[in-house]
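S.K.: Sequence:
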Amino acid sequence: MFQQMQVSFDVAWSASGIDGRYYDYKSIANYSDLIFIMAYDEQSQIIDGPCTARPNSGIYMTGHGILTYLDLDIPGEKMILGVPWYGYNYPCLSLDTNGTCHIKEVPFRGVNCSDAAGKQHPFSYIVKTLELSKATYHWDKITLTPWYNFKDSDGQQHQMQYDDERSLVYKYMLATSSGLRGVGMWTANFLDYSDTAEAISQQQLMWSLLP
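Okay, so the sequence shown: first residue is 1 according to full-length UniProt numbering, each after it adds one.
Just to be clear, a hint being listed does not mean it is correct.
Stated by the list, open to error - Calculated cross-link-like contacts (lysine to any residue; reagent style SDA-like; alpha-carbon spacing at most 25 Å):
no.: 1; residue 1: K151; residue 2: D164
no.: 2; residue 1: K78; residue 2: K151
no.: 3; residue 1: K128; residue 2: G184
To be clear, the hints were calculated from the coordinates, so they are not data collected in a lab.
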């Protein structure tokens, strides 16, 4: 009676004990049809350097995470790369001239800094905020992710770290070149599904990029 069931298991962006998750990933994969690598929230523990706003899903951390699972001899065809259709809004305590946004300390699992200093927002909100605030779009050439700074109604400086169609393509290519089964996202309802021309264009673009 269970022959038509599929078992999938969500795993952290890396198999290296992220957030204390020291699981037997090889055994989990053996008894699952698919494992879904959650390649986001990669700054849940900011271990090195000062407390600063950083990418939610940098290309090199994501690539390293995939390798940690492949190194466990988990077949690529059992893995799905999960990518973020959302980002983080960080209030800046101070903003350096090079764009570095210093954030408050929010401890997590013994580490002083974490992405809990920010607030998650869906892609639709991030795109609209970029447009309404007339902020300058920036591109991180190292992590291959976008970001921008903006001020709220009280004059508070913020930095938005997120993924868009440009950065997601690199992750889709990474999944393909790594021999993974496919890609997924958290989450599909983070787009604007209204019937405006702008929303429809966004929907078509984001869905058309999937490999």
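S.K.: Does each hint fit the structure? Answer for all of them.
M.R.: Outcome of the hint check:
no.	hint	in the structure
1	K151 <-> D164	holds, 21 Å
2	K78 <-> K151	violated, 43 Å
3	K128 <-> G184	holds, 23 Å
The structure is inconsistent with hint 2 alone, although it conforms to all the rest.
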